[in-house]
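Peer 1: All residue numbers for the sequence shown refer to full-length UniProt numbering, where the first residue is 1 and numbers rise by one.
Hints may contain errors.
Calculated pairs, DSBU-like style, for lysine-lysine (alpha carbon to alpha carbon, straight line, at most 35 Å) [said to hold, decoys possible]: (1) Lys100 to Lys49; (2) Lys75 to Lys100; (3) Lys49 to Lys14; (4) Lys191 to Lys100; (5) Lys53 to Lys14; (6) Lys128 to Lys78; (7) Lys65 to Lys120; (8) Lys100 to Lys120; (9) Lys49 to Lys120; (10) Lys128 to Lys12; (11) Lys100 to Lys193.
Derived Cβ-Cβ restraints for the label pairs, each shown as a range [unchecked claim]: (12) Asn83 to Glu55: 32 to 38 Å; (13) Glu135 to Pro97: 17 to 23 Å; (14) Lys271 to Tyr9: 16 to 22 Å; (15) Lys193 to Glu61: 38 to 44 Å.
These are computed hints drawn from the structure, not numbers from a lab. Quick reminder that beta carbons are idealized off the backbone N, C-alpha and C, glycines included.
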Amino acid sequence: MTVDNVDKYYFKNKKENTQILHNISFSINQGEILGVVGESGSGKSTLGKLLTKIEPFQNGEIYFKGRSISGMSKKELKNFRRNVQVIFQDPDSSLNPRMKVYDIILEGVRGFDIPIENEKEFVSERLKEVGLSSEFQNRYPSELSGGQKQRIGIARALAVSPEFIVADEPISALDVSVQAQVINLIRRLQKEKDLTFLFIGHDLNVVRYISDRTVVLYNGSVLEIAESDDLFENPIHSYTQRLINSSPSEQPNQKPKINILEERPDYGPVKSYQQINENHIVALH
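Go ahead and model the full structure; you've got the sequences and the hints to work with.
Peer 2: This is the structure we're talking about:
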């Protein structure tokens, strides 16, 4: 997936609009997990919606496997939607409460006319992949815990054999006790199936753990991109430094060094990017 100089506006009326994303550019390599971090309102979730064609963008272009996602034919769009799936933030709102797990997992398979020999065996295999027994296929979402619902959401996404998945803060609605289980599940499945992920998160420790590279967003602009360990050990942009210093420490008794909400600097528009090393760029204002 390649994002090339993309802008996103929300239109208030004929004369007014709000720009949410400004001149966004980056690429995601096959088999990579690219993390996206930033404060609430930075444009993280909106970016995910653009990559999945849930929402349109106004300028620039997005390419999937070298093909523009704009102006697709019905056949191309159907193929795109099969290959690009989403794991949503809130499993409660993303699962149909009137459907059993069996039908939830098969929903995409049926919608995309994917031939399978034995539906029961297929559903059981998808459940097994996410660490659930076949007994869950006859349950409704209301009979599941938060962690189990998110596992079903992951199984549903994987059922259509996608190549690219947007995970939009997939653990933020879960209890701390199950967050690590879901993160490790995503990481294992990504490696086993050679999937490509855009992983949107607010917990910097989680994003660093799961992502190969990380993008830092602020007010709809990319301020820094680097390999995750490099970014967290050697942040160049002052905002990235502030963001990392505001993150809760893994040490339980150690408080964040700063409160990032106390001040919101106006860095001005991004004029260009400086190459720090082969995989590390930082915005210049």
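Peer 1: Now look at each hint and say whether the structure bears it out.
Peer 2: Cross-check of the supplied hints:
1. For the hint pairing lysine 100 with lysine 49, the CA-to-CA distance comes to about 27 Å; that is within 35 Å, so the pair holds.
2. Between lysine 75 and lysine 100 the alpha-carbon distance is near 29 Å, which keeps this suggested pair within the 35 Å criterion.
3. For the hint pairing lysine 49 with lysine 14, the CA-to-CA distance comes to about 24 Å; that is within 35 Å, so the pair holds.
4. For the hint linking lysine 191 to lysine 100, the alpha-carbon distance of about 29 Å falls within 35 Å, and the restraint holds.
5. Annotation: proposed proximity of lysine 53 to lysine 14 holds, straight-line Cα distance about 24 Å (limit 35 Å).
6. Taking the CA atoms of lysine 128 and lysine 78, the gap is near 27 Å; set against the 35 Å cutoff, the hint holds.
7. Pair hint lysine 65 plus lysine 120 holds up; C-alpha atoms about 33 Å apart against a cutoff of 35 Å.
8. Between lysine 100 and lysine 120, the direct Cα distance comes to roughly 13 Å. Compliance with the 35 Å bound is thereby established for this hinted pair.
9. At most 35 Å may separate the alpha-carbon atoms for a hinted pair to count; lysine 49 and lysine 120 meet this at roughly 32 Å.
10. A distance of roughly 47 Å separates the Cα atoms of lysine 128 and lysine 12; the hinted pair therefore is violated under the 35 Å criterion.
11. A distance of roughly 26 Å separates the Cα atoms of lysine 100 and lysine 193; the hinted pair therefore holds under the 35 Å criterion.
12. A C-beta distance of roughly 18 Å is found between asparagine 83 and glutamate 55, which places it outside the suggested range of 32 to 38 Å.
13. Checked against the given bound of 17 to 23 Å, the beta carbons of glutamate 135 and proline 97, roughly 19 Å apart, stay inside it.
14. A beta carbon spacing of about 21 Å between lysine 271 and tyrosine 9 agrees with the range 16 to 22 Å that was offered as a hint.
15. Under the hint 38 to 44 Å, the C-beta atoms of lysine 193 and glutamate 61, about 28 Å apart, miss the expected range.
Going down the numbered hints, you'll see the structure goes against 10, 12 and 15, while the others check out.
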